[in-house]
Each structure stands twice: as C-alpha cells, then as structure tokens.
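Chemist: Protein chains in written order, with my numbering: chain A, 1294 to 1602; chain B, 5 to 312; chain C, 184 to 693; chain D, 8 to 375.
Hints were generated in silico from the structure; no laboratory data involved. Bear in mind the structure is a predicted one, so any value in this text is a computation, not a measurement. Ideal placement from N, C-alpha and C gives every residue a C-beta, glycine not left out. You may find that some hints are simply not true.
Claimed, not checked - With a Cα cut of at most 30 Å, we get these calculated DSBU-like pairs of lysine-lysine:
no., chain 1, residue 1, chain 2, residue 2
1, C, Lys549, D, Lys363
2, A, Lys1424, A, Lys1583
3, D, Lys192, C, Lys577
Claimed, not checked - Derived list of chain D stretches under chain A, where covered just means 3 residues or more per stretch with a C-beta under 8 Å from a C-beta of chain A:
no., segment
4, 60-74
5, 84-96
6, 162-171
7, 182-196
8, 314-322
Unchecked claim - Below, a sample of chain D positions facing chain A; criterion: calculated Cβ distance under 10 Å:
no., residue
9, Glu15
10, Ala16
11, Ala26
12, Asp113
13, Ala202
14, Ser203
15, Arg204
16, Leu280
17, Ser282
18, Ile283
19, Ser284
20, Phe289
21, Thr327
22, Pro329
23, Ala330
24, Ser331
Now for the letters of each chain:
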Amino acid sequence: ENDLKITEKVKIALIIPSTIDDLAWSQVMYEGIEAVQKKYGEDKIEIEVSERLWNAVDAGSAIRQYASQGFDIVIAHGAQYQSVLDEIAPDFPKTSFAYGTGFATHHPNIFAYDPQAQQGAYLLGIMAGLKTKTNIVGIVGPVKSGDAIKYNIGFEKGVKSVNPKAAVRIAYTGGFGDFVAAGEIARTHIKAGADVLSGTAQQSVGAIKVASEFEGILWLSSDMDQCSIAPQTVLASQSYRFDEVIEKIISFRQEGIVGGKHLELTLENGFLEIVYNPKLVSVLTPEMNKVLNEAKTKIISGEIKVELK
Amino acid sequence: MILDFIIGIISAGIPLAAPLLLAGLGEMFNQRAGVFNLGVEGIMLMGAFVGFLVVLTVGSPILGLLAAIAVGALMGLLMAVVTVKFKAQQGISGIGLFMLGWGLSGTLFRVYIGGITSITGIKPFSFPLLGKIPIIGEIFFQNNILVYIAFLLVPISWYVLNKTAWGLKVRAVGTNPQAADTLGIKVERIRFQCIILGSMMAGLAGAYLSIAQTHIFADNITAGRGFIAVALVYFGRWKPAGIMWGTLLFSLAHALQRSIQVYGINFPYEIAVIIPYLLVIVVLALSYKSQLLGPVALGKPFIRGSRE
Amino acid sequence: MSEIISKLEMKKITKKFPGVLACNNIDIYLKSGEILALLGENGAGKTTLMNVLFGLYQPEHGKIFINDKQVIINSPSTAFKYGIGMVHQHFMLVPNLTVVENVALGLIGKRIFKLDLNKVRKRIEEVSKEYGLSVNPNAYIWQLSVGEQQRVELIKVLCLGANLLILDEPTAALTPQETDELIVLLKQMAEKGRSIIFISHKLNEVKAVSNRVCVLRNGSLVYEGKTQKHSVATLAEKMAGREIYMPTLKEKSQANSPILEIKNVFAKGNMGTMALDGLSLTVSKGEIVGIAGVSGNGQKELADVINGISHIERGKILLNSKNIANLAPQQIINKGIGYIPEDRMHEGTIPSFSVKENIIMKDYNKKPLSKKMFLQNSIIEKYSQKLISNFDIKCPDNKTMCASLSGGNVQKVILARELSRKPKMLIAAYPIRGLDLGAAEYVHEQLLEARSENVGILLISEELDELLDICDRIAVIYEGKILEILDRDIATKTKLGLLMAGIKNEKKAI
Amino acid sequence: MKKKLYSEAIYRLLIIVIAVFSALFVGAILLLIAKTNPLTAYYVMFTEPLSGKFGLTEILVRAAPLMLVGLGIAISFRSGIINIGGEGQILIGAIFGTFIALTFPDLPPYILLPLVFIASFIGGAIWGGIAGWMKAYLSVNEILSTIMLNYIAFQVYMFLIRGPMIDPKEVAYGTGVPQTALLSKNAWLTRIIPASRLHAGIIVAVVLAILVYIFLWKTTIGYKLRAAGAEAKAAKYIGVNVKNYLVLAMLLSGGFAGMAGAIEVCGVHHRALESISAGYGFSGIVVALFGGLHPLGIIPASAVFGLLIVGADMMQRSVTVPASIILAIQGLIILAIVSSQIFFSNIGLKEKIMIKLKLMKSGDKDDT
Ligand SMILES: Nc1ncnc2c1ncn2[C@@H]1O[C@H](COP(=O)(O)OP(=O)(O)OP(=O)(O)O)[C@@H](O)[C@H]1O
Ligand SMILES: Nc1ncnc2c1ncn2[C@@H]1O[C@H](COP(=O)(O)OP(=O)(O)OP(=O)(O)O)[C@@H](O)[C@H]1O
Ligand SMILES: [Mg+2]
Ligand SMILES: [Mg+2]
C-alpha cells in the first residue's frame, strides 16, 4: 500500500448513469471514492455526486458545472460520456476528467479507465466450469456491447478451459434496468438445466434473486461484491477497485500529469480482484483453488492472454 | 425436450401476464368511464415500493398488498381530482402522474430503505393434488395466489361491467356523459370511482412485481410495464377477455423469445426481444374489427350543459 | 312516484352565459292537466329556461315553486324526485346501449349491484302499450331511426314516472303521422293529470296541442296567453315581432332540360342492406323536386351517393348527362353540386372551427381564397364578412366557433356557403328542421331565389307543408324506390301520407 | 381595452404562480423528508439557471429538441391522433441522419446539414407513418402502436450502433461501447455562443415552429389536416380523404421528432450514442400541450420546460438530494399547471374570480 501525501484538499465530482445504491457499476465507483475519502479524511477529499444522468445531454451540463465550480477531478462514470468530455475538457485545462469504460484520451486532461472485465470473467468462468454438474452454464446479459461482451467472452473462455463439454448459454434482456426480465431469463436458464449462472449490469440483482430461490444454484457476479443479496447463492464476484484508480489519478496530478492516460483495471495491477463469499467459499475444493490460482498467476504473468476475438 | 420447451414457455408466461392483466383491467375501467390514465406506470411503481416497504418492515405480504392498493387509491384520487374536478387534459396529466410516481418511489426508496435488499414475499404454491398432475399441474396449479386473483378478475370485471347497475352507469358515462347526467347519474362521481378502482388495481399490479415476482424493489422496477398495460387495453378493445388474451399473447411471446435465446437457437437477440411488441401490433392489425366503438367520450372532460 | 304537481311556478328566472343574457327575469306558471307551449326564435332562451327547471343550469336569480312550496332543483336527479321529466332537444341517448339499458339508466338511481333488465323491459312494454309507442326494447340506439329514437326519449321519461313533462322540440324529427300520434298522446297524458311544457317551432302543432302559450324573445317573456285566442299567423307575429309569410312558389317552372338524372341506382346502407334498390329520378334546371318519405327509406343514402360520400353498386347518376357516380366528393363538388346535409352540426359544419373557416369549407382551395395552396387571409376575411351580412348570420364576429351558434344560424352558415358557390344542382336535406319560422322563411326564400336562377334543387323533407309550399314536383320515396311522383297541383297531404306509408293506390288501401 | 389586457395578464400570471406554488409546496414536504432545506433548493432551481450564460444556454439546448418534438405532437393532436411514439421516432431519425453524415463526411456543411436533417425527417416520418397507416387502414389504435414501436425502435437503434454502425475504434480497442464514429465537422451545427453548447439548432427549431404555424393555419393542406382532425364526417363531406390525412399527420409528426434526433446528433453529441432521445419524446407531449397545441405557444413552452429540466438538475447538485426528487417535483408542477388551465377555459369561473379580485367590473363582459 503506497499512501499519498495529500497536502491540499482534492475535490472530486462524480456523474453516474444510475444510482449510488444500484449494487453494481455506479455503486462500486461511488464506494471506491468513499473509501479514498475514509482513508485520507474528509478534510482532504471532498465528494459530490450527480445521479441518474444516463443521458449524455444532462450529464454534459453537470460536468461543465462541476468543472467551473473548480473541482479537481470530474469523473463521468460511463462510456456514453466520452464525446461530452471531449468537448468540455479543453475549456478547463487544469481539471482532470475521467470516464470509462473507454480508451480514448483526446485531450491531455482526460483519463480513460478501462476494466479488463474479461480477466476476472475468465477466473469466474473457471469456477463455473468446475462447479457445474449439468454442464450447462447460463449468462444473463443486458445489451450485447461494451463490458458485457468482454465479460461474456472471458467467462466462456474460462469455462471451456477447464470443462470443454460444458455449454455456455447467453441470453440478453435488451436493456440494463429490467430486473424482472433479468430474473425471468435466469429462471429460464435454470429450467433449461443451467446450475451455474452469471451476468452483468445492475439488473442482474433480479436474476440473482431468482437464482437464490432454487436449490443448489450458484451465481458469479460482476462489477462488485453482490453476496449481500443472496449469501447462499453468490459464490464469488469480480470487483473493480476504483479506489485504486482514484488514488492513481490523484498521484498523477501530484506529478503534474492531469490526464492523457489510459488506465486499465487488471488482475496484474490489482485494480481488479475476485472477492469470495466467505459463507460459500468452502464449496471450492483445494484442487479447484489450485487451478484458479494457477490461472490467475498465468494471466498476471501474461502467459494466458484472454483474447477478445 | 421439445415438450419441456413448450411447458417452460407457458408456465413462465402465465404468471407474467398477471401484473399486466391487473393493471390492464384497471385501466379498462378508467377508460370505459371516459378517462385515459397514462399514469399507470407511476402508480405501479408506488404500489411496488409501498408494498415492498410494508413487507420489509412488518413482514406480512397481505398487509403489503393492502398498502399497495391503498397507495394506488391515493394516486388515483389525485388523478381524479386533476382530470375530473379540474378537467385537465388527460394525456398530460397521466405523464405528470407517471413522473410523480417514479420520482416519489425512488426518493422514498432512498430515504427509507437506501439500498437493494430482498424479502421473502409471496411464493408460488402448489395445489394439493392438482399441482401433481404432470403437465397441467406445472402450468396451471403452481403459481402464486395473485395470478389466480388476476385471472379471476377477468370474468368478475366482465360481470360488473355488463351485468350490474354500476357497470351500466360506467358504460353510459364513458359514451355519452351528457345523457347520463340528464338521467340523474353523477357522472363525476362514477369517473372518480373508476379512476380510483383502476389505480388500486395498478397499485396491486406494482406490488405483484416487487412482492410476488422479484422479491426486491429497485428504482424503476416496472420498466415500462405500465405503458404496455395501457396499450393492451386497446388491444382488448375495452373488453376484459380481449385484454386477457392480449396480456397472455404478450407475456407468452416474451417467454418464447427468452427460451429461444436460452436454448441457443441462433437468431439475433434484438429480433428476439422485439417479437412480443411486433406480435401484439400484427395480431391486432389482422384481428377482426369489433362492433363496439369504444368509449366515445374517452379523453373528454365532462362539462354540464356544453354541447361539444 | 312523486306527488302530483298541481301547480308549478318559475319566478324571476335570470340565467346568464358569458356574453349572453339567456333568460331575463322570466315568470311562468303551469297547472296540472295543462299543456303550455313555449315559443321563441332560435336562441330566445327556451332550452335554457327548461334546463334551469330540470336542474341542468343554476339560475343567477329566481325561485321555483311546486304546489306553492319553494324547491331547489340543482340536478336532474332532484328534478326526477319532484316528478319532472324532460325530452331534450338534442337526443340524450347512449348509442351503444340498448333501449332497455338506456331506460334502466334512469331507473337504477343509486343502486350498485342489482340490475333487473327484465323488469325494465316489462315497464317499457306497459308504457308502449298504454300510449301506443312501439319500439323494440332490445335494439341498440345506433340502429334506430331518428323517429324511433324520439319515441325512446318519450318512453324514457314516461317510464321514469314524470308527471310534469318538458318536451324540447320533440317533433323536429318526426313524420307527420308520428307527430299526429304524439299530439294525441300528449292530450291523453294531460287528461290523466300530467302537465306538459311543449317547445316547437311548428305553430300548427302548437295550436293543435296547447292550452296556453308563452313567447320568449332575446331571453325575455314577451307574451303569455290562451292559445285559442290566436291563429297560426298571429302566433308567428308574436314570436318574431313581425308578420311572417311562408313563401310559396307562384309561377310554374318552365322545367326545360334535365340537370340531374338518377337511373336505376342500387346502393348499400350502413346496415349492409340495399338502401337504394333501383331508384330513378330526374331533376330539371330551375325546378325544385321534393323527396317525401318516412326517414330511413333511403333519403340519407340518396343524398350521400349523389355527393360521392358513399358508393353505388349499380346504376347511373348523370349531371348534365355526364356520369358522376362514384366520383370522389371533391370532383363532384367541383362539378357544381351543392349539398345541405341533414346533420348540420357535424357534417355541414366543423363545430370547433370559426364561422369564417366554415364559410370557406368548400372553396378554401380555389382562387381567389387561396393561391398556390396559400390561404389569402385578407380576401377570406372580406368574403366571410360579406356572406355574414348578406345572409345575416347572427354571431359576435366571424371568429366565433360554430359550436356556439344556434342551429338556425348554423343553417344560415351552410346556406351562405352552398348558395354563394352558384351550384348547378343543390341537394337540401331537412333544411328547416329545428329552425324558427323566421329562419325557415328565410331558407325557403333563398331556395326559391336559387330556383329562379335556374338551379335544380332536390329537397328532402318530412314536412309536407314545406314540400307543398315550394316544390314543383314531389317524389315519394319508399324502401329505396321512388313510389310515385306527383305534380304540385295534384299533390295533397292525404295522398302523400298514404304513399309515404307505402300504399300505392287508394283502392287497395280501403 | 388596454386596461382589460393588463388585468387579463395579471390574472393569468396570478393563476400560474398559485399553481406552481402549490406544486412546490408539496415538493417541499418531499425535500424535508429527504432532509434538505426546500427554500435553498428552490432558490437554486429557479435562479441559478437564469443567472448567467451557462444556465441560459443550457436551457435553450434542451428547448431545441423539445420544440421540434412538441411541434410534431401538435400536428398529430390537431389531426386527432395521440402520438406517444416520440421516443422511437427520435431514435430512428437520429440514426438516419447519422448514417448520411457518416457516408458523405466531405460534403460542405451547407449541403451536408440539410441532407442530414432531411434524412432524419424521413426516418422519423417512416416510424410515425407506420402508426398512422395502421390506424387509418387497419384501425390499429395509435396509442398501442406508438408505445410498441418505441420499444422496437430502441432495439433497432441499439443494434445499429453496437453492430453495423459502431465506431471502428471501439472494436479495435475492444471497448465495444455502443456508439457510432464521430461525425466530420461538416455535420456539426455551429455553436452560436462560444464556450457553451448552444448551437444553431435552436434557430432551426424556431424557424420550423413559424413554418408549422404558417402550414397549419395559412395553407390549404393545413386546413384539410385540421378539418380531418376536428370533424372527420365534415371533412369527408367537403371531399377530404380523411385516411390519407391521418397518415400525413403522423408522417409529419414523426418527421419532426426525427429532426429532434438530428439536432441532438449534429448539435450536441456529434455522433449517435446510447439514450440520445433523453425522454424528449414524452416531455415533448407536455410541451405541446402547455403550448396549447399552437406552434407559437410551443416556443415559450419548450423554454419553460427546459428551465424545469436544467433547474431541477442544478438543484440536485447544489443541495444534494436523490435525483428522483427532481422527477417527482417536475411531475407535480405538470399536474398543477394542467389543473390550472380550467381557470382560463371556464369563462364563467374566470369572470367570478376576476370580479372578486377587482380586476374587472361585473358589468363589462369578457370575450376571450
Ligand atoms: N351552454 C351554453 N353556453 C353558453 N351560452 C349558451 C349556452 N346555452 C345557451 N346559451 C345562450 O343562451 C341563449 C339561449 O339559448 P337557448 O338554447 O335557450 O335558445 P332556444 O330558445 O332553445 O333556441 P332554439 O329554438 O334554437 O332551441 C343563446 O343565445 C345562447 O347564446
Ligand atoms: N354549448 C353551447 N355553447 C354556446 N351556446 C350554446 C351551446 N349550446 C347551445 N347554445 C346556444 O343555444 C341556442 C340554441 O341552441 P339550440 O341547440 O337550441 O339551437 P337550435 O337552433 O335548436 O339548434 P338545432 O336546430 O340544432 O336544434 C343557440 O343560440 C346556441 O348558440
Ligand atoms: Mg333549444
Ligand atoms: Mg332548435
């Protein structure tokens, strides 16, 4: 843990598409920043949040307003905000803007963070491949794009790597916020024989809930640790350590770098990690853990490349 | 295999028709009395939240449902005051009600619950013997109680509308309020009653989603089902049975498209997910046009002694 | 059944509407067994006064007494309580309910569950037996002819056990026979101790039925007196404030070349049955041909097919010996056919449009009113003003909605539009229905004027007086065919009456 | 006469103010529940957007698409069709426009921009036209069809921007964000105020509003359109082909929503991306009805609604409240304002009140 010396207060503004309690993408970022605040104290870190700005127009004005109010770091937590940032950033050269998932840093004061979801997904896939008895694994997807694709590809590769016989079935709801539909897809998966499920986006909460109503179904989460909803079902979660990202950005700024970096969240840099559900972790036999740890080291060492093709 | 596929679709489709049916029948009463309530979505959200909150705190699903119905009634009362007393334009009022319901439920959720938690709520139960019957049992006798209530309400609504004095008044008020008025029928009172009744059913429909279906509450959990319910009233041409067929068609189509995806029948999922919406339109377009020319006064506020 | 109303008084009734003093300090009274006729021009305040009595409007001032006790009537249901029933000028029926259901509506009152339609059906049958008003209780209202609907309205109030009846222009849409039956009926009722207020613009009826008349003008009571003291003419004078002569055509038309020829036309009605089967008829230039007949014998369809609003199955319709059958309405309009439709409120005009916009309804797309699809506002302004003054249409200004004009004035708007287009051929359906004498006189003058300008006119009506007054020939339509055509000099009410009933020659009838 | 107009104005102002206040009062209770001071909240909501270039420009940025959608809605309502399909029509319009912009990146702006708008118009028109055609010829109720078509449009749109039309870079870097490539500068609407997002779209919108006014009230086609909507029976009688005019109305209505899509693409985002319709399809209905279904009323109405959006959003930021409260308050304000309309439409009631308020003597009568 390399701590920073924060001399004067850092003001951080956050724009999120959904809400700070969506138990997914938005919440994990919010908690990340909070963690940083706890670590360094309220006098050092100030936080402001705007929720529900899923449409980039309103986000645009929020971002500009924060920037003009003199926030040091303005985080637009979604891929759809890229173009808005591109046009606002030049007007506020001292402010650091960050968005993700993304790669493009068209201006020297934009950070793009980019969770390598496929890596964690790969490990979760391995668990699935090892744990499934029916050799059917189901994925509840939102829309076939962005992180969801990355996640699904990684997950499927993981499953196959340990259990080539296993079938990975993917179904999408066509949206991000339809909890009922997600739940119904989970149900359909299970009725169709799947015994290990996974999925992305805030709506997967609905799916987890349904899964938890069946005996012996396991769920593997993305984005953040979700075992609180279904302690008997959620085996493990891939979690994004945005607190690390924030610290990184702060330290960059201290070096006088206000942006222009493409920050990846990987297992290697520890910005991406697998959190196990203490109540369930015992279902993973030592052999299984061995396989997992090997895979993890291989990914970190770059021996295994989880290709997105 | 293929049999499971079909059973799976039907047994998944029927329960999902229930909330649409509850809300749809409710909206039917509004509209038969001449009021177009586009706010169903907002009412459902309030019902879903309040119901959930009560179950979470008190633990009793029954109380939860009652609370949802009560809050539905309140929202209905508001809608009635705005559209009947103040004679406000109905479409816009509905949108206002929708925004209010959505915002209110979201806010109260944040303030009083503040994060996604889950409840046991209402579970499906299997009828003693019937539930055991191979296929039939799984399809018809293993649902939660609200499903049966929803479908029971179809004949009941039909009876109320067509065989009772009140139903007759409703039909008159929705077609020629002036005439009803000259016969001493309290047009505005009937409309109040219908809007409130409809809203109660919408509240119940919302509670179904949180208490009986997902066992959680999350912001915007209805995800547009309120609007679908309104649309299906037109599919059913203001007849309970018609509305029932509409909701079944819609939710079975959904179950079908999910199964298509799950069973990996290869097929771009975008197409799959629009099947239900397409199907509803197409079926309506092809179906025969009924004689009943709907509630003619739909959307028009009643002003005593005015000709237009 | 409420107590018998031996005496009703309305004292100093004043009712304002924005911009209009509809009733100004009016006193009227009525004793049981009495039939009071309420007269007045369109817009005089008759309907308003009655709506006040019926609890639909609340007066600014004034009191109502029943049997010398003051009563507050603030809704129709209270009116019922006191035994007051009203047949409204514009039908108050629910089209997609059956007759029984419509009547039941009035009887169920506060009830919520119990709905015993059979009981209602019995009641209807009793009433229709007692007063000889036949109607099929199970028919839907939209299936009934205007006359039948009128009967339903009567049955409705009778079933509600009203012992004071208000009838607002009940005969406006009735055939002569029906009217006569109604008059007999009303007298019976009066004898049974009921009191009746009867509004009509047809003074011969008023004379035949009423004991007393009250005349309103611009919202004030201008005359009150015994009917038998008056002749139709003097009543008319009291009403209009001037003498009225219903014009009749003098010189015989030099009926020369035919303008409209209808040859063996077949057409379906909206019930799907053949509403016109093999109808043939010719109208010549400068001639008015009347179509007599009980409504529902194909008049509406005839008018519609000539104007291209509905299509024919077989046959020919020739205008200047060119076939115009099944052309689009637009084309037919352009060929110079004018049409005064029966439904003046929803077909002849657009209620929510201004008088100005209604006046240009058929010429908005012609020069000079529009150039290359742009409406020429200044010209339209002048044009509408001109017609409003020429046809003296009573309206605050040319921007008033037609909905708020009286039927009389609405009819003038239509006449102004149709006649000022200088049509070659004019179809006029029930042009004076519901109009006061002054207005009716005016309409007939205009029609005769057009005739003298060599326009061919087809006049559809149920009022034999009207037909006999101004038609050169009168054709009787029966079940979609022309039964017979009589020249004006040989046509008589009785002949026409029999023909309208479908009886072709008198011998058979006997 | 002057005095009359003056008191008239006072009356209207009074009613609106009362309506808004009652809404805000209820909202205040909500704010208190959410543990924030209503006064500061409202102060921000109504002053901050109006105090300064930023707020004002942002309001107009919202007003532009709202105005276009509102115009479309007005056309359809005027011809008796309730078009709830704005959302879908915006999306389809946006994607059509984007397609043109991406295919001919090098055309000069004065050619490309019109092309893009025409394309968007066509896109939206098709989507609206479907509903219109089905109503006219298959008697499928438009409320049903437009609601359903919204979902379908959303899926089609998502499919295109994550599939065939996705930004190649997104694929290259494997981020796969559903958005098209950035449009060439030729397809950008010029910013009319530097360092703000206010773009020429607002001018386009106002011009179109005036054109629509002329179209509806000064042309024969507009006349037929309104006639068909006001009284189909009479329209038939004067030879208007009512069915076709139904379809025309929906074509136009959809077309305008479609152009709102173009405005967002060319004016704000410079590419097609997720959730571009931003709920304008619905708020557009509110705007249209606030504007009295009259193009010239819709211009101010859209600005007012823009204020409502921007102000509420700023409120969220300055006094931290859950975003949902904004929705709730907007809903309340809408309900209050529609309810207040009766005080204008019911002339009798109006006279009574005005007399009570001494704005008018009981003698002189009121003809508005
Ligand atoms: N609902 C109303 N709103 C506004 N003004 C009205 C209303 N009803 C009637 N009026 C006005 O009151 C006056 C009297 O109307 P009323 O209906 O009593 O005339 P009427 O004598 O029944 O005419 P008609 O012989 O044509 O039936 C009219 O001039 C009209 O302008
Ligand atoms: N809703 C209304 N608003 C304004 N004026 C009205 C209204 N209803 C009736 N009136 C007025 O009442 C007067 C008479 O109306 P009424 O319908 O009795 O006329 P009418 O000539 O009898 O019509 P019709 O011939 O169609 O029966 C008219 O002057 C009309 O302006
Ligand atoms: Mg009258
Ligand atoms: Mg009349």
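Chemist: Evaluate each hint against the coordinates.
Modeler: Hints and how they fare:
{"no.": "1", "hint": "C/Lys549 - D/Lys363", "verdict": "violated, 50 Å"}
{"no.": "2", "hint": "A/Lys1424 - A/Lys1583", "verdict": "holds, 14 Å"}
{"no.": "3", "hint": "D/Lys192 - C/Lys577", "verdict": "violated, 62 Å"}
{"no.": "4", "hint": "60-74", "verdict": "holds (count 4)"}
{"no.": "5", "hint": "84-96", "verdict": "violated (count 0)"}
{"no.": "6", "hint": "162-171", "verdict": "holds (count 3)"}
{"no.": "7", "hint": "182-196", "verdict": "holds (count 6)"}
{"no.": "8", "hint": "314-322", "verdict": "holds (count 4)"}
{"no.": "9", "hint": "Glu15", "verdict": "violated, 36 Å"}
{"no.": "10", "hint": "Ala16", "verdict": "violated, 32 Å"}
{"no.": "11", "hint": "Ala26", "verdict": "violated, 25 Å"}
{"no.": "12", "hint": "Asp113", "verdict": "violated, 21 Å"}
{"no.": "13", "hint": "Ala202", "verdict": "holds, 6 Å"}
{"no.": "14", "hint": "Ser203", "verdict": "holds, 9 Å"}
{"no.": "15", "hint": "Arg204", "verdict": "holds, 6 Å"}
{"no.": "16", "hint": "Leu280", "verdict": "holds, 5 Å"}
{"no.": "17", "hint": "Ser282", "verdict": "holds, 4 Å"}
{"no.": "18", "hint": "Ile283", "verdict": "holds, 7 Å"}
{"no.": "19", "hint": "Ser284", "verdict": "holds, 8 Å"}
{"no.": "20", "hint": "Phe289", "verdict": "violated, 13 Å"}
{"no.": "21", "hint": "Thr327", "verdict": "holds, 7 Å"}
{"no.": "22", "hint": "Pro329", "verdict": "holds, 7 Å"}
{"no.": "23", "hint": "Ala330", "verdict": "holds, 4 Å"}
{"no.": "24", "hint": "Ser331", "verdict": "holds, 7 Å"}
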